[in-house]
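The hints should help you fit chains B, C and D onto chain A, whose structure is shown.
Number of protein chains: 4
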Amino acid sequence: MTTRVTVWNENRHENKNPVVRDIYPEGIHGAIANALKGAGYDTKTATLDEPEHGLTDEVLNETDVLIWWGHLAHHEVADEVVEKVKKRVLEGMGLIVLHSGHFSKIFKSLMGTSCDLKWREADDKERLWVVDPSHPIVKGVGEYIELEKEEMYGEHFDIPAPDQLVFISWFEGGEVFRSGCTYQRGNGKIFYFRPGHETYPTYHNEQIQRVISNAVEWAAPVGRKYPQYGNAKPLEAIKDK
Amino acid sequence: MTTRVTVWNENRHENKNPVVRDIYPEGIHGAIANALKGAGYDTKTATLDEPEHGLTDEVLNETDVLIWWGHLAHHEVADEVVEKVKKRVLEGMGLIVLHSGHFSKIFKSLMGTSCDLKWREADDKERLWVVDPSHPIVKGVGEYIELEKEEMYGEHFDIPAPDQLVFISWFEGGEVFRSGCTYQRGNGKIFYFRPGHETYPTYHNEQIQRVISNAVEWAAPVGRKYPQYGNAKPLEAIKDK
Amino acid sequence: MTTRVTVWNENRHENKNPVVRDIYPEGIHGAIANALKGAGYDTKTATLDEPEHGLTDEVLNETDVLIWWGHLAHHEVADEVVEKVKKRVLEGMGLIVLHSGHFSKIFKSLMGTSCDLKWREADDKERLWVVDPSHPIVKGVGEYIELEKEEMYGEHFDIPAPDQLVFISWFEGGEVFRSGCTYQRGNGKIFYFRPGHETYPTYHNEQIQRVISNAVEWAAPVGRKYPQYGNAKPLEAIKDK
Amino acid sequence: MTTRVTVWNENRHENKNPVVRDIYPEGIHGAIANALKGAGYDTKTATLDEPEHGLTDEVLNETDVLIWWGHLAHHEVADEVVEKVKKRVLEGMGLIVLHSGHFSKIFKSLMGTSCDLKWREADDKERLWVVDPSHPIVKGVGEYIELEKEEMYGEHFDIPAPDQLVFISWFEGGEVFRSGCTYQRGNGKIFYFRPGHETYPTYHNEQIQRVISNAVEWAAPVGRKYPQYGNAKPLEAIKDK
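In the order they appear, the protein sequences are chains A, B, C and D.
Take 9 as the starting number for the first sequence in the numbering used here and just add one per residue.
Take 9 as the starting number for the second sequence in the numbering used here and just add one per residue.
Take 9 as the starting number for the third sequence in the numbering used here and just add one per residue.
Take 9 as the starting number for the fourth sequence in the numbering used here and just add one per residue.
Calculated from the structure, these hints are not laboratory results.
Possibly wrong hints are sitting among the right ones.
Note that the list lumps identical chains together, so a pair holds whenever it fits in one copy or between two copies.
BS3-like cross-link-like pairs, simulated, lysine-lysine; straight-line CA separation at most 27 angstroms [what the hints assert, rightly or not]:
{"id": "1", "residue 1": "K45", "residue 2": "K147"}
{"id": "2", "residue 1": "K95", "residue 2": "K113"}
{"id": "3", "residue 1": "K133", "residue 2": "K157"}
{"id": "4", "residue 1": "K249", "residue 2": "K133"}
Being a predicted model, the structure only gives us computed values, none of them experimental.
Isolated chain A, as found in the complex:
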């Protein structure tokens, strides 16, 4: 069965800033969704200002992998929607958190840390080095991906140690960053991927699109029944003591 992807975007910069609108006339969500459709995924989009932020029970239940881009309006995302997304992740839905999504409620809630970092908007060159060449997320990607200009994110990045560290970024201004990180949470798989500041055409880059597409494949649910929790009868006899 084709993996079903929902690309969620806060979609505010696009409406405020002509620079962003010029780069992403269909929104960041539109650009990513188009790339994923091209890769063969069954892809929808959802945005903050739709009812329930476009993430109704129906949409979530029919989503195998959710992609998340937010920045200005993290605080406007309703807590109950965050709780529903989290429940779906623990049940197996894949989650790909992009760039400034590091500060989204859903990412912070799944990580348990502040998710804080250093940042700078100064046209730094970024070079993302592959540090795990065995990982399916880097299929078809060279030794590094170079982005002529990006926002800088620098360490210390306050996240739990990733289960798998896939990319490390080099920045022109002298910093490094763990920029491709996987996590397992419950039955679900999470990938954090750093690049994608709204004023740069990062999501039009084919290597970046390839990573996101690979991550969708990797994060797709295994499809097992949810484990049984709570009171459990013994499977073996217990002696009287």
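What follows is chains B, C and D alone, placed relative to chain A:
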């Protein structure tokens, strides 16, 4: 400087159940605190029904490692206290979560998962096997610790994969459990340790006391300055593009 | 392209012991290969007593995932074949090491440890609990797999901490074991899977077959170019100092 | 008891190259040993050209933590000495591998990979960023350590994913590197630390000395009895089937 420990206990079973009071006449917190004093730590206790649950700013600021036992009344712990404890952990305070503390607000918030599990009160024998003999937490501990009777906790335990898995429990009724788990969160170190149901004399067991004492040593703060987050000037010149 | 599997077996017990031959008339390699063919993989077998142990350059170059079962004759495997297999793993070939293969030259060489363990042949019941429900290796598998009789392997198992711990075994005689472990080495992925003593019909168990089949899928090479090592020209100008 | 350290150095560059001799008149081993003596450790040195490379059974048995620096003459280290060092590490001796020691027999044997990397001698500036502020190895260290000139080591570094990643290096020429990595092997703890090319005064840098000193403390043996391996009697009755 001597490591300063605060042993926090909800202290409700002790007041309700004579069986528990007989085993722990000074409360679970008292038993653990006595063992830690004996090991040379500067040890205090705090309980749920004290003002601010005994965890005032002053107490938290003077605590290097906090030990947490709770069960019946997780929901009575004030969210603002949980937030203050979490902030202190991210700043470097060690945290040792015991047994039913797996469902405490503070542990769930730091883990990002449901922390659910299977359980049974049926006098199972438990045998905790050491799976990382290089870890300082198992100093002075044999190949396994055997507890004649304990509550069973069984997999799947819905936690993030531990940074280091130190103990795995065998239960008489047929289950296994990841019963000694370390996590790094921010500047702080966390140890989850499974045993300690209130109706058994587990915290009087010298091997269990030894593990908790070792964990205090291991979890003590490194004492570095908190990293700087936010906007950062470049350390190297960035070219005009 | 269909994943190409080679099932390697030392094939000695089958020739010496009628009990084993009765359970595996086509050899352990034959039983596993039949299951994998049934799952749609392009599957070959190779055994110790063939020239070059059946692992010629041609065979290795056309193998995406190698499965390894050995026990009595680890020392008879030629060092140069071990080196060739290791090189292929680092280049990306998947490797699935089964049961007593824990003591094979190839596994010990890739792990860097003694790979020693406790063992007992006493018809223990084994129950393999899934501890990572998000992992593709447990697709279609229940909360646990129960084997009525198996050889016991017990902790401490002297391996590096697995990158991902997928199964933990419970044994009737009181032990536990990390029985499903993944490792990344170079461009290659490795899965160690415990069950499969030669005198029990373990590889005829459908759940065990399912795990091996899932592991083949998971371990298949990503297919990237091997990274470039050695002297490297700078990608950015370096200032005179 | 004071931790006993042996600093092992191949000590060849010092004898061939006046530049190196000027920087390290007592050898690299002498510089490191002096720093560790200053930090209060019971410190000895040993070098390649001594009988048994200075690593007799007596020396190894009285060493809690071994520090290793080699480059030109890895192949001259006798295999039997490597085997003895490895056995001691698995039994609990700490091991700190420095810089070009990444290609030593002992490190490759404990890692199981090629340990290959990119390199360049071009006076790159190196900046080592702390990515795990909770780790005792970074006690007293700032957010980063800056080295005005160093040899570059770049990714991909062909090592197993570290158990804990402590430092990531930024290089002026555009590369990154996992430059502080911990591993657990058997009862022993290993720390790989990148800096220290022989033509730069890196080991005179106080922050670098501090990291090595912290690593000694961290890697010191836990002092448990070696686990029992091999045939094991059941701890619980096994039913007839």
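These are the hints, each one checked on the structure:
{"no.": "1", "hint": "K45 - K147", "result": "both (18 angstroms within a copy, 26 angstroms between copies)"}
{"no.": "2", "hint": "K95 - K113", "result": "both (13 angstroms within a copy, 17 angstroms between copies)"}
{"no.": "3", "hint": "K133 - K157", "result": "both (5 angstroms within a copy, 22 angstroms between copies)"}
{"no.": "4", "hint": "K249 - K133", "result": "between (68 angstroms within a copy, 10 angstroms between copies)"}
The earlier numbered hints are all upheld by this structure, with none contradicted.
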